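K.L.:
Chain residues, written in single-letter form:
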Amino acid sequence: MWKYIKKYLFFAIVAGLFMTGEVMMDLLQPGFMSRIVDDGVLGVNNGGSADLHLIWMLGLQMIGLVLLGGLCGSLNNVFVHISSQNIGNEIRKDCFRRIMDFSFQQIDRFGTGSLVTRVTNDITQVQNFVSLFIRGLIRTTLLTFGSMYCMFRLNFGFGLIVLCAFPFLVGIIGFCLWRANPLFSRLQAYLDAINEIMQEDVSGIRIMKACVRETYEKMRFGKANDDLVRTQLKTLVIFAFMNPLTNAVMYMAVAAVLLAGSFSAADGSTTPGNVMAALTYTTQLLNGILMLVMLFQNISRGLTSWKRVKEVLESVPELKDGSFDGSAQTQGEIEFRDVSFAYPGSARNVLSHINLKIHRGETVAVIGATGCGKTTLAGLMMRFYDADSGAVLVDGIDVREYRQRALREKIAITMQKSELFGVTVGENIAWGLPGADSMLLASAASIAQADSFISSLGNGYDTMVAERGMSLSGGQKQRISVARAVLKPAEIFIFDDSTSALDLKTEADLYRALKESRPDSTKIIIAQRIASVRTADRIIVLENGGILACGTHEELVETCRAYQDIWHSQMGEEAKGA
Amino acid sequence: MSKEQDSRLAERNIPGMMNRRDRFAEPEHADNIGATVRRIAVYFVKEKKLVAGMLAVVLSGTVCGILAPSLQSGAVDIIAGEKQGILSHTLTLMLSVYLLYSICGLLQGLCSTRLSQNVVKRMREELFGKIVELPVHYLDTHSHGDVMSRMTNDIENISTTVSQSLPSLFSGVLTVIGTMAVMLWYCWQLALLSFVTVLLTFLATKILSGKVRRFSRKRQQLLGQLNGTVEEMVAGYRTVVAYNHQDITAADFGATADSLTKAGIKTDVFSGVMGPVMNCIGNIGFVIIAVFGGYFSMNGLISVGVISAFIVYAKQFSRPINEIAQIYGQLQTAVAGAERVFAMLDEETEDKSGVTLETGEKAAVTFQNVCFSYEAETPVIRNFTLTVPNGRKVALVGATGSGKTTIVNLLMRFYDIESGEIRINGQDIRDVSRESLRRNIAIVLQDTVLFSDTVRNNLKYGNDSAAEEQLVAAVEMSQCRDMIGLLPQGYDTVLTGSGANISQGQRQLLAIARAFVADPKILILDEATSNVDTRTEKAIQDAMHSIMQGRTSIVIAHRLSTIRDSDLIVVMERGEIAESGSHEELLAKKGRYYELYMTQYAGFAT
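Line by line, the protein sequences give chains A and B.
Per our numbering, residue 1 is the first one in the first sequence, and the count goes up by one each step.
Per our numbering, residue 1001 is the first one in the second sequence, and the count goes up by one each step.
Just so you know, the hints here were simulated from the structure itself, not pulled from any lab data.
Only a predicted model underlies this, so the values are computations on that prediction, with no experimental measurement involved.
Calculated pairs, BS3-like style, for lysine-lysine (alpha carbon to alpha carbon, straight line, at most 25 Å):
1. A:LYS7 <-> B:LYS1262
2. A:LYS223 <-> B:LYS1130
3. B:LYS1121 <-> A:LYS234
4. A:LYS3 <-> A:LYS310
5. B:LYS1266 <-> B:LYS1211
Listing some non-contacts, in silico: residues in chain B with all C-beta distances to chain A over 12 Å:
6. ILE1177
7. LEU1184
8. ILE1324
9. THR1366
10. GLU1421
11. LEU1486
12. ARG1574
From the three backbone atoms N, C-alpha and C, an ideal C-beta is built for every residue, glycine too.
Using the sequences and the accompanying hints, generate a full structural model.
P.N.:
Here's what the structure looks like:
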């Protein structure tokens, strides 16, 4: 936190100084008033004769003070916001930057939703915390202790009275919070329970109705609602006591000040004006304490948020970057050397002892059931994850020795789930090669068999992709992401199940066009349909994390039992005859 | 995500926390304030005693609040020697009035707490009762987040506003009037001078709020943009990394964040300056009272004590005036929220009437020329005619959007058909009560729904009176005996809401077991497509197979293995039956089914 505050410390200090100024002006006023009453009106030091001139003079000075105070306050406000919002902004940008460097494990561990809340809500809370701290805390502390000091200066007895009231107030507030605190977590639990029932019934409405459980659910909800309301009532009752009790203490202090004032005034050690000033200070002081309590509640919330933000900021990127810049002799070669991998927290190996060499310009297909490790294979090449044992080599160099960026420059991948962003179609494709002109875009799109449908969209390449591609069909999304990959000047292409929504003809056209325009690139096609991979140079059959067989379609149909099974099931009776 | 949202919701709802809205936040507007307010009033009328008690307490509290400073002023006068009297008497009186004031405050707090909680409880129950009675159609067409927020935020808002803002508005208005009257009575000249501050407050609020609104709208918009970016980029993180777009993305984000900060500073500088300005105006009032009060008391118009009383009074009447704008905004928001809640309460519930479905031993389902559309002019089901004979298995296949799931909706009467008829054993299902119809049909859906309750209660969800033996048999048949045996408390294990303690595949097995326990004549299975490990997958298929034995079943198929042996496979296309027949017949035909089979279903799993 300090790191961020340091940068805007100057603004924060200036803000604090202005705050001090504002409080000083507030503290000086009752003194002036007391002089107006004593010297101006009553003429205490002047043998009882009033002094109109003095009243006007003091009044003018007071107005000056008031305006000065207002100015200080306003400037404080300006500086507070400049510092707190800029601090928040720095943290926010750093957080985002940090997330961009996370490994996949880290993203998975935090969860997308949680990361989003941390970057948005939590940082806003931290920002509020900073501004509250500079403005609220300084103000109330200064006002409280300043009033106390002024009371003692006016009259030692007055000061003592307020000092005596102090522990009562703290006691009342402390007691209420102490009683209410355990209720908060219970309240939270009951709220969660009631929300859960709602959530369940709203999303499971069909099952609930199919089982005719309306009445039962109402009873279940009624019970949870009762629990919640009862606890909430208890909490609220505790807080209903807090304000009136503290007020009562304050009024007793006021009465005591008046009583003490009458004795002191009688023996001449104080003046009526001072008594009035003391009354003003008393209210200021006690209000200050109440404000402090409120602030502490907010501060604890800010601290919780800060803790959550800090977790993000302090996460060290898990994948260590190598130093190799990617300028290798060979191009487009991939090798798996005895690679095994299990996802964190899972005992089962997704891939075990994979040995595989893929050459430049080769088209290699990977086929296998869901969950057999196809996507993981691709992820290891991109170094989304690190192998647990063995090594993955790209162009003869271990991927762990690469600078991650250099490695990813070499490979273009399309994901199983087409991820499109809320910009135009053209801009989505241009992710492959930032700054690509429209000619390049169109040629990439036509390789991906996407050119014709994009042109027929409302605004062609300038059509906005709404809500992650909700407006597009599955096949259209896939083709746009393929175009994005094709545009990237990469040595290696990986298509992870990314043409599955296309009909067989379009798919075949796509792969043919790709082969013609990128003959030297290595292509890895992950698929479920044999028709998609039939023409590949080699087909790898993955089963339970291991390579079961490897060969051309013709070879596999002859030799591999599992491949035959797939072939038959996909080709139906016809294949059996063939 | 949902957990986080919940906790944020909760945070907002914890009472006693500072949850005041931004004073310049734009209030929402209700369309029909009068009617809505009257309807809210009905809820409070039912709590007559509490409301009356609270109003009485507020009234007496306000009177005490106005009376006390004048007693204080009397005390000061006695000290200053301007007035004759016994100080201790005046002080005792003052203190008791002040204490009475505190007690009134306490009682008001207690009354409003109880009142708000009573109303919240009733409204919540009514609304929930409504939700479960509503036709499925409502929840299908309304965002669930929106429904949830009516339940939580809107209701909470209504009750806190009515029970807290309203009394403070009431006492505020009384205080302003009372205080002003007393001030005028003491010294009308000084009073009028003090009122200058009110004018200043109004002016300042008006000037500043215009500016703040403009900037805050901009900020809101940027904030939305920023949140959108974070969500999109974190969700699409793989692509960002694969294309080395981290820098560009971060730069984009930085630019949005910077403009948000600028807009934020502007908004907050203008809205935050309100505090010092109000403070300044208050102090000006203080000076006016001190100076003119001094001047008037010199001329003998007032006593010194009156100055002291005026200082208290000025504070007393400026506070409600500062707050009125804010309370007004709160009230508007609450009324708008109430309008949303009432709109939902006014929705029509499912019709419960109808005769009992006569099934006996057999159940045959016939669809005759059924037509249906969710939205006018876009028919989803067209002229659908199909017979499912007793005890037979019919599979529906077809692309997404071809109308498979709609058939389920129609048979369960989640939606009612537009024309044609659906009959079970010859009885038109529209004549049958929904309850009786649904008791005879069990459904297993793709997204498994289990409730956060014990395994036992979940199993008995479709048949409350099921005996223990029935449960055990169902569990055995659906292959989840071993799995339940492994749970810490067996049948009494409470499933957590999101089902974190059992796997997706196990949830599906439990859902099948639940259908077994319900033991219906008719079964609808929406095949699950989620990835489960091979052993569970096998178990699920076996379980599905055994539950369909001897029942009239309709299967919505996503994979081929379960439906190959169906008595009839129906291929649907744009709401119509494209072709139908057995697996072999359809493959031989080389028509739609063959094509679908090649492109959609040809996968390893089969």
